[in-house]
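Those protein sequences? They're chains A and B, same order as listed.
Note that my numbering numbers the first sequence so that position 215 is 218, with each residue one more than the last.
Note that my numbering numbers the second sequence so that position 138 is 141, with each residue one more than the last.
Source of the hints: derived by calculation from the structure; they are not laboratory data.
No copy is singled out in the list; a pair is fine if it fits within one copy or between any two copies.
BS3-like mimics (lysine-lysine), calculated; alpha carbons at most 30 Å apart, straight line:
(1) Lys-82 with Lys-220
(2) Lys-41 with Lys-54
(3) Lys-220 with Lys-41
(4) Lys-47 with Lys-82
(5) Lys-41 with Lys-82
As the structure is a computational prediction, the values presented were derived from the model and not from experiment.
2 protein chains.
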Amino acid sequence: MRQQSARTGALVLCILSYLLVGAAVFDALESEAESGRKRLLAQKRAELRRKYGFSAEDDRELERLALQAEPHRAGRQWKFAGSFYFAITVITTIGYGHAAPGTDLGKVFCMFYALLGIPLTLVTFQSLGERLNALVRRLLLAAKRCLGLRRPRVSTENMVLAGLLVCAATLALGAAAFAHFEGWTFFHAYYYCFITLTTIGFGDFVALQSDEALQRKPPYVAFSFLYILLGLTVIGAFLNLVVLRFLAASTDAPGRAARRAGPLRLGAPESRGPSWARPGNPPSVSYRIHQLEVWARDNLGFSPPASPGAVGGGRAGRPPARRKSI
Amino acid sequence: MRQQSARTGALVLCILSYLLVGAAVFDALESEAESGRKRLLAQKRAELRRKYGFSAEDDRELERLALQAEPHRAGRQWKFAGSFYFAITVITTIGYGHAAPGTDLGKVFCMFYALLGIPLTLVTFQSLGERLNALVRRLLLAAKRCLGLRRPRVSTENMVLAGLLVCAATLALGAAAFAHFEGWTFFHAYYYCFITLTTIGFGDFVALQSDEALQRKPPYVAFSFLYILLGLTVIGAFLNLVVLRFLAASTDAPGRAARRAGPLRLGAPESRGPSWARPGNPPSVSYRIHQLEVWARDNLGFSPPASPGAVGGGRAGRPPARRKSI
Numbered sequence: 004m005r006q007q008s009a010r011t012g013a014l015v016l017c018i019l020s021y022l023l024v025g026a027a028v029f030d031a032l033e034s035e036a037e038s039g040r041k042r043l044l045a046q047k048r049a050e051l052r053r054k055y056g057f058s059a060e061d062d063r064e065l066e067r068l069a070l071q072a073e074p075h076r077a078g079r080q081w082k083f084a085g086s087f088y089f090a091i092t093v094i095t096t097i098g099y100g101h102a103a104p105g106t107d108l109g110k111v112f113c114m115f116y117a118l119l120g121i122p123l124t125l126v127t128f129q130s131l132g133e134r135l136n137a138l139v140r141r142l143l144l145a146a147k148r149c150l151g152l153r154r155p156r157v158s159t160e161n162m163v164l165a166g167l168l169v170c171a172a173t174l175a176l177g178a179a180a181f182a183h184f185e186g187w188t189f190f191h192a193y194y195y196c197f198i199t200l201t202t203i204g205f206g207d208f209v210a211l212q213s214d215e216a217l218q219r220k221p222p223y224v225a226f227s228f229l230y231i232l233l234g235l236t237v238i239g240a241f242l243n244l245v246v247l248r249f250l251a252a253s254t255d256a257p258g259r260a261a262r263r264a265g266p267l268r269l270g271a272p273e274s275r276g277p278s279w280a281r282p283g284n285p286p287s288v289s290y291r292i293h294q295l296e297v298w299a300r301d302n303l304g305f306s307p308p309a310s311p312g313a314v315g316g317g318r319a320g321r322p323p324a325r326r327k328s329i
Numbered sequence: 004m005r006q007q008s009a010r011t012g013a014l015v016l017c018i019l020s021y022l023l024v025g026a027a028v029f030d031a032l033e034s035e036a037e038s039g040r041k042r043l044l045a046q047k048r049a050e051l052r053r054k055y056g057f058s059a060e061d062d063r064e065l066e067r068l069a070l071q072a073e074p075h076r077a078g079r080q081w082k083f084a085g086s087f088y089f090a091i092t093v094i095t096t097i098g099y100g101h102a103a104p105g106t107d108l109g110k111v112f113c114m115f116y117a118l119l120g121i122p123l124t125l126v127t128f129q130s131l132g133e134r135l136n137a138l139v140r141r142l143l144l145a146a147k148r149c150l151g152l153r154r155p156r157v158s159t160e161n162m163v164l165a166g167l168l169v170c171a172a173t174l175a176l177g178a179a180a181f182a183h184f185e186g187w188t189f190f191h192a193y194y195y196c197f198i199t200l201t202t203i204g205f206g207d208f209v210a211l212q213s214d215e216a217l218q219r220k221p222p223y224v225a226f227s228f229l230y231i232l233l234g235l236t237v238i239g240a241f242l243n244l245v246v247l248r249f250l251a252a253s254t255d256a257p258g259r260a261a262r263r264a265g266p267l268r269l270g271a272p273e274s275r276g277p278s279w280a281r282p283g284n285p286p287s288v289s290y291r292i293h294q295l296e297v298w299a300r301d302n303l304g305f306s307p308p309a310s311p312g313a314v315g316g317g318r319a320g321r322p323p324a325r326r327k328s329i
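Extracted from the complex, chain A is given alone in its bound form:
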């Protein structure tokens, strides 16, 4: 428990430092450009205002109307295709905001829709990701056999490298496609794909918003939807491989077992990640059996007969405080 709290505290400090550093860098990169843009904009707007002689009130009204007109200029956002697009941005939590419910009823439905849809989507993409990883593992194994290796093994490192390559390829392919269809530069299209597939979804670049694509270009619409869903699968697979194991699961076992290591956790010093993934340092069999006995005692209400191996030998009271964060 204490280790888990220490781990948590360390992570929190990490995040806060990360935010401070990020803030400083973004400030340095963007602040001056922001001032420049602001000055230029004010200049141009002043020119137009002088040219036409707007009243202050009309000036504000023009601005307001222009802002409200933006989604409309991109085409109908709430026909079926647009609504499907919007529904994707909700349950994947991308949330571009290119369109957002205007009616209060729409907002209410949106919240309930997200409430059920987001967990469903999380589970689905992790499930798909796990299947993708299994497929990649099989392919790598087959490839190694073809290369004539006698006892082919697919290590975690192999999988992570493969994962990185697939992610990079997915982003690059998407970038090429959207650069072509949207008329963006390759860099901006790559940025768009990255911001989309990480589900950040700023909305500064949004596909399907020019030339009324949602209504007029069904194949491109289908491609965009498929790209987002498949791309999220690829990213989900990578996260599943690399991050999921570090997520600390709440124990479900009540009382004493919960204060120990919870049901059948693979012990590893938390700060180092799962040691069972590293060859040469597996947790002992006797520790496993000890955990089993603890679990059996707390959940089945009995103590299994003494197992072979060093169960309990030298291990009085608490097992060593090693936990794998699932």
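Assemble the complex: chain A is given as a structure, and chain B must be docked to it using the hints.
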């Protein structure tokens, strides 16, 4: 494996149906209102255009300038406070888009920042969430003891209910606060908190964007940041409790062990969720020990001596294909 693929297939069909239903409902709720707003906007803009006699080119220029001016009107977005706010929206994947990097270098840094920051944030919030769940469990246990229960137990149902209440309270408190500070209705503030804490982050409502709050109201700025981070902890805790167990983890064990159940998985029919969480249906101890032997054989290179219980008794070849999705 086949069960896992079937599970995945079922989830995918589920998601597709969910998207179709959502699209239909959003279409029904928003489409007509959209037409109405569009007509009204066009009318007003036509009036103003007639009043001042814009050329078509100047009309488009006015629109463009108004759109670009929007973030500036909300105050300086890239000073330290604004950059910190932005950094939060990146690593939490909220991504309002109220501000987005204007420079290409800013975009590049943003991508690298997200690449490291997002997994770090995921792990941190899950870790915090697990600690919060542990605390809530202890409090509930203490409360039950105070109520005089002899053998107090905190069930999963207790925890889920407590989680729901804490989430609802968090949203309501945030709604009250932002309604007050931003001048929104309670409903719109609630909607803002919900969209923020689910990390959807449309950007239709964004705090700290009026009255140059980022520069002029440090206490309110601090409150907003804290609210987002603590709120995400609460949501993370709830997800940790309810969803994490359903996330299918990729197995790490190579070869044969990978095709079975992977290291020490608690067996449960996947579609039903973890049966070990339900009293009266724990997996057998003999099955556990069998899994242990399989793991030991594949990872340690030896077979532990025969354990007591029904190890191998009646279980030739593959263990029953039951897997708990972690």
